[in-house]
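Starting from the two chains in their separate frames, assemble the complex, guided by the hints.
What follows is the residue order along each chain.
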Amino acid sequence: MLRYNLSTVVLLLIAFLVQQFVPAFTGLSHARILVVQLVFLCCAVTVTTPTMLLLAFLGGILWDAHCYLSPIIADPEVYAQPVESLRFGYSILLFGVAGFLMQGLNPIFRQGKWHFSAILSGIAVFLYLAAEFILISFIRGEFTISRSILRLIFYTSVLTMCVSPVIFWILYQIANLFDYPLHPEARNSKRR
Amino acid sequence: MKPLNLLALLLFLAGATWALTRSERFVRDIQVAYFKIINPTLTAGSAMETKARKFLDETENSKSLETKLNAINGEIGRLRIIESQFAALKRENKELRHALDFKKATNFDVVAAQIIRRHPTTWWQTMDIDAGEDRKIGIQLSVLSNEGLVGIIDRPFAHRSSVLLITDEKCQVSVRVEGTPEVGILSGQRGKFDNNPTLRLRFLSKEASLKAGQRVFTTGRGGIFQPNILVGTILSVEKGPIDSEALVAPAVNFSDLGTVFVVLSETP
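Chains as they are written, first to last, in our numbering: chain D, 20 to 211; chain X, 26 to 293.
Think of the hints as simulated: they come from the structure by calculation, not from any bench. Every residue gets a Cβ at the ideal spot worked out from N, C-alpha and C, and that includes glycine. Where hints are given, some of them may not hold.
What the hints assert, rightly or not - So, partial list: chain D residues that the calculated Cβ filter (under 8 Å) puts toward chain X:
id : residue
1  : Pro-42
2  : Pro-69
3  : His-85
4  : Leu-88
5  : Ile-91
6  : Ala-93
7  : Asp-94
8  : Val-97
9  : Tyr-98
10 : Gly-115
11 : Ile-158
12 : Ile-168
Unchecked claim - So these bits of chain X aren't anywhere near chain D, every CB distance computed over 12 Å:
id : residue
13 : Ala-39
14 : Gly-70
15 : Ser-89
16 : Asp-155
17 : Asp-159
18 : Arg-246
One chain only, chain X, in its complex shape (with noise of 0.2 Å):
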């Protein structure tokens, strides 16, 4: 090996160690001016997302218009149509009815947020939300919809947050099952990259008498997550011999999230 590819090679293996060891807060402040520096393309690039998101949905409908379109008459037809275009609002209307309410229902103090942008790295299950530090949102605040536990807040940054979902391996819920003292950790599992991944219960006792359909909230223990939050519902239950394991729903169909709503405080 020639001397500088050697000098180099050692050099990279320094700067290796070195960015190996250093500590959270200092990773933080490398985050924090990396996504500053990339925030105009990362805004755009979350943008364009949306609305090639929004294209497909409308070639999905308009592909099963066109299929009701031949089996009734030009009349009907035409009629529809017009239903079709009413539909998209319809549907805006619903969920912001279903967010109003929900803010209305709940004791926290909330802050409604729009998902900007999904899947954003390989591995790790995460969402990008429109609400950032200047709307009050830290780290590790929950993240709800009005179906259930979305998940915890990530990497806040000014105005946008990365939010790491209940699907995700390192994301874990303590948590009880609904008409049983069973109380279980509850994890997302590796790999699982479908629209409705199922959850992981663990730790039940040997003798946890389950059945599908029962549901799973939130206890509130471990200092994160708020107590009684819904989680999901059991699918199926697994006994070991040390303990038991469930398949579990996750409440919410994170194919179809729009709105998610970050508890600032338990107080409204």
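Chain D on its own, in the form it takes in the complex (with noise of 0.2 Å):
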């Protein structure tokens, strides 16, 4: 089980390299994989809940380094209204939620029923940045939704969920290697 968790982390941090050579899809809203959320979500519903919250901390943490923009300073008389930013470990709340939200389905995935895990994987990830986008909003004020918005979420989250069984087959080669029983549900029925 050890084995599996630390490979687990390992793949995490392996996805973030790997996110860098997904370029966005200028054709789809500036769409992407977003291959380091696939990963954690795919690996959240494999590991017991303090496994999770180790790579909701890491995965979090490591993605607002990618992405926080430094605040401006400039003169406050010219610039009287500074537009706010999202705090710096944000992302590390979103993951954790996300992470719950896919342990949700714990007890169907133990079954063997890995599809119903790779379906919410997409609608995890369309919750997420649904999240990330009101709490900009929140933070800078007025909420406006337009139709690229949703464009952008809707095919983010189908062009991830199109990943997900990838990343699941990944994972059952890592448990077949270590032994770590995925489906314990599942062999305990084929046993009786």
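So this is what it looks like as structure tokens:
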């Protein structure tokens, strides 16, 4: 179990490297495959709560390190209303919430039905992006939602979800390698 | 809830609180360490993105050539294929000439840089350029192109920098409208991911008498941008009860941006 858990941490770190090779699809409202979030969500359904939270912390802090914008320091007399930004570390909480959402399907996953988790990963990415956008709107004020935003969220979720079987396949290979039972309940029912 | 899970949750919340309360200096140190580690893949990823973009451009060119080939006879078609091979060189030559002219004409001490990555994040309008602290680039320096203002340096690293574009809501620019006493604050609009996004010019006077097509320049106030840099042109004006707002088309074509210039100082 420990070896499998450690391998999910390594897999998450590898996902950060892979993410650098994934460009935005300009024709699809600049949507992209969120490899990091996907690996985290897929791992979250296969591990225990403490490991999921560790992955959420690690994933969130590194994702913010990747995306965080520095505050602009300018003359306050001219720029009287500076645009506020989300604080560094907010992604940790978003990762945590998404991880708990995935763990909600853990009983079904343990029965061997990974397809539901694959679909839920797309829904979780959709909710993750929607929550992120709502947070940005809340911090900056004035809630505006346009078709291009909805398209961006939708395409990103669908594209990311389409890759989830690959991530589950990798997780199955790792689980086999370390003899970690991903579907203990399915195995027990077969024995019976 | 199991005691172990509860303990893990408490530790997680403590960790999140710790991260949320870090100082800007600490965050910057984390970012520097993070980008230092992923730099090799970041460079490889950027190179791949550039190659993919070139490939797509080439595909587009060959498609248009194919259409032309069907319309004209074989001899002209053959000549056009040869011509197309020179088109890329011609374009590059033109761009470099523009760049050279810009460098000669400007009064700023600038560093030329190439864009190596577009839209690296989901929500923020940023770009990565191939020049960093090794070429004296620091935080919050203006970035220009030969067409006008592009943005400011958000995060300089050793050999690359991240540029916050004026199309992002967070990037505010103090501007004036040509031929009028009107000054205001210009910023991008949230969630505008089109190739030609519009900018929002706020805090104009209630009686602002502006016309479409009037040019917008930086005022130089506020301590970030140098004065008299072209930012865009007025598209439309909307008068409100307290002040007026205008939509501005950026002078820079962000979808076709190759070379940019980082202003190091105002004197050459």
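message = Restraint: Val-97 (chain D) near chain X, CB-CB cut 8 Å. Satisfied or not?
response = Hint holds; Val-97 (chain D) Cβ to chain X Cβ min 4 Å, cut 8 Å.
ask   = Holds or violated: Ile-168 (chain D) as interface residue toward chain X, Cβ cutoff 8 Å?
value = holds (4 Å)
ask   = Does Ala-39 (chain X) sit more than 12 Å from chain D, CB to CB?
value = The assertion about Ala-39 (chain X) is violated, with a minimum of 10 Å to chain D.
Hint status (Cβ of Ile-91 (chain D) to nearest Cβ of chain X, threshold 8 Å) = holds (7 Å)
query = Is the Cβ of Asp-159 (chain X) farther than 12 Å from every Cβ of chain D?
reply = Asp-159 (chain X) clear of chain D: closest Cβ-Cβ about 19 Å, beyond 12 Å.
ask   = Are Asp-94 (chain D) and chain X close enough, Cβ to Cβ, to be under 8 Å, as the hint says?
value = Status holds, d = 5 Å.
request  = Taking the shortest Cβ-to-Cβ distance between Gly-70 (chain X) and chain D, state whether it exceeds 12 Å.
outcome  = violated (3 Å)
request  = Hold the hint about Ala-93 (chain D) up to the distance rule: shortest CB distance to chain X must be less than 8 Å.
outcome  = The hint holds - Ala-93 (chain D) has a Cβ within 8 Å of chain X, the shortest such distance being about 5 Å.
request  = Could you let me know if the closest chain D CB is still more than 12 Å away from the CB of Arg-246 (chain X)?
outcome  = Per Cβ check, Arg-246 (chain X) is inside 12 Å of chain D; nearest 5 Å; violated.
ask   = Regarding the hint that His-85 (chain D) lies at the interface with chain X, is the smallest CB-CB distance below 8 Å?
value = This hint holds: His-85 (chain D) lies near chain X, its Cβ roughly 7 Å from the closest one there, short of 8 Å.
inquiry  = Hint validation: Ile-158 (chain D) versus chain X, beta carbon distance must be below 8 Å. Holds or violated?
reply    = violated (11 Å)
request  = Against chain X, run the beta carbon of Pro-69 (chain D) and see if the smallest gap drops under 8 Å.
outcome  = holds (4 Å)
Hint compliance for this structure: hints 11, 13, 14 and 18 are not met, and every other hint is.
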